[in-house]
Amino acid sequence: DQQVKQNSPSLSVQEGRISILNCDYTNSMFDYFLWYKKYPAEGPTFLISISSIKDKNEDGRFTVFLNKSAKHLSLHIVPSQPGDSAVYFCAASEATSGTYKYIFGTGTRLKVLA
Amino acid sequence: DTGVSQDPRHKITKRGQNVTFRCDPISEHNRLYWYRQTLGQGPEFLTYFQNEAQLEKSRLLSDRFSAERPKGSFSTLEIQRTEQGDSAMYLCASSSPNRGHTEAFFGQGTRLTVV
Numbered sequence: 189d190q191q192v193k194q195n196s197p198s199l200s201v202q203e204g205r206i207s208i209l210n211c212d213y214t215n216s217m218f219d220y221f222l223w224y225k226k227y228p229a230e231g232p233t234f235l236i237s238i239s240s241i242k243d244k245n246e247d248g249r250f251t252v253f254l255n256k257s258a259k260h261l262s263l264h265i266v267p268s269q270p271g272d273s274a275v276y277f278c279a280a281s282e283a284t285s286g287t288y289k290y291i292f293g294t295g296t297r298l299k300v301l302a
Numbered sequence: 013d014t015g016v017s018q019d020p021r022h023k024i025t026k027r028g029q030n031v032t033f034r035c036d037p038i039s040e041h042n043r044l045y046w047y048r049q050t051l052g053q054g055p056e057f058l059t060y061f062q063n064e065a066q067l068e069k070s071r072l073l074s075d076r077f078s079a080e081r082p083k084g085s086f087s088t089l090e091i092q093r094t095e096q097g098d099s100a101m102y103l104c105a106s107s108s109p110n111r112g113h114t115e116a117f118f119g120q121g122t123r124l125t126v127v
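Respectively, the protein sequence lines represent chains A and B. Position in the first sequence counted from 1, then plus 188, gives you the working numbering. Position in the second sequence counted from 1, then plus 12, gives you the working numbering.
Only chain A is shown next, with the shape it has when bound in the complex (with noise of 0.2 Å):
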């Protein structure tokens, strides 16, 4: 039982263009999302997260989209670099659960081509 998806396992994209990285869940209690960005060998790294009262997050080159009714949610990029190259995976919580533990997706390998 899948709760979060990620459809695409890989995304190749021009440096300088707009990366977007998609992310579907099945579970309408979830109020809470992220995105982490991994690196061969190491653990996830914190991108950026969004509230389930707002539809939208900026920070610098990231942004992340959030459409509640098609339980769907974005990270774009732009413009898109070398070094973004890495598995992003996006996490959904939920806060009845009472630990905010996160439930991942199975992760999207973007390779961004100098």
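To be clear, the hints were calculated from the coordinates, so they are not data collected in a lab. Don't take every hint at face value.
Beyond 10 Å from chain B on every Cβ pair, some chain A residues (computed) [claimed, not checked]:
| id | residue |
| --- | --- |
| 1 | 199 |
| 2 | 204 |
| 3 | 210 |
| 4 | 215 |
| 5 | 242 |
| 6 | 248 |
| 7 | 253 |
| 8 | 264 |
| 9 | 266 |
| 10 | 289 |
| 11 | 295 |
Only part of the chain A face toward chain B is listed, based on derived beta-carbon distances under 7 Å [to be verified]:
| id | residue |
| --- | --- |
| 12 | 234 |
| 13 | 267 |
| 14 | 270 |
For glycine and all other residues, C-beta sits at the position ideal for the given N, C-alpha and C.
Following the hints, put chain B in place on chain A, whose structure we already have.
Frame of chain A, contents of chain B only:
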């Protein structure tokens, strides 16, 4: 640097042996999580501590797995009678309780290989 620290980074063990991993969270964080990640998958939740109290355990955590956080600071994860299926990256994360929802910060992980 006061990030999340995990030890060891790598562990190779023979099937049937016991292993123990340590996690030192960010000092002011009292929420601590253990996750497991296998190839091609996202991190899977194993267990959660708030201070020294273990508040949730995943069904993934069989009886061979035990975690402790004795003084609400560092945590250990022990796997008894290891099996080849236990081979994975074990990740520890911590977060601050000051706000309801907040991001968790992960350590570098412990890569376990059971041979």
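Report the numbers of all earlier hints that the structure fails to satisfy, in ascending order. As far as the earlier hints go, 10, 11, 13 and 14 are violated by this structure, in ascending order.
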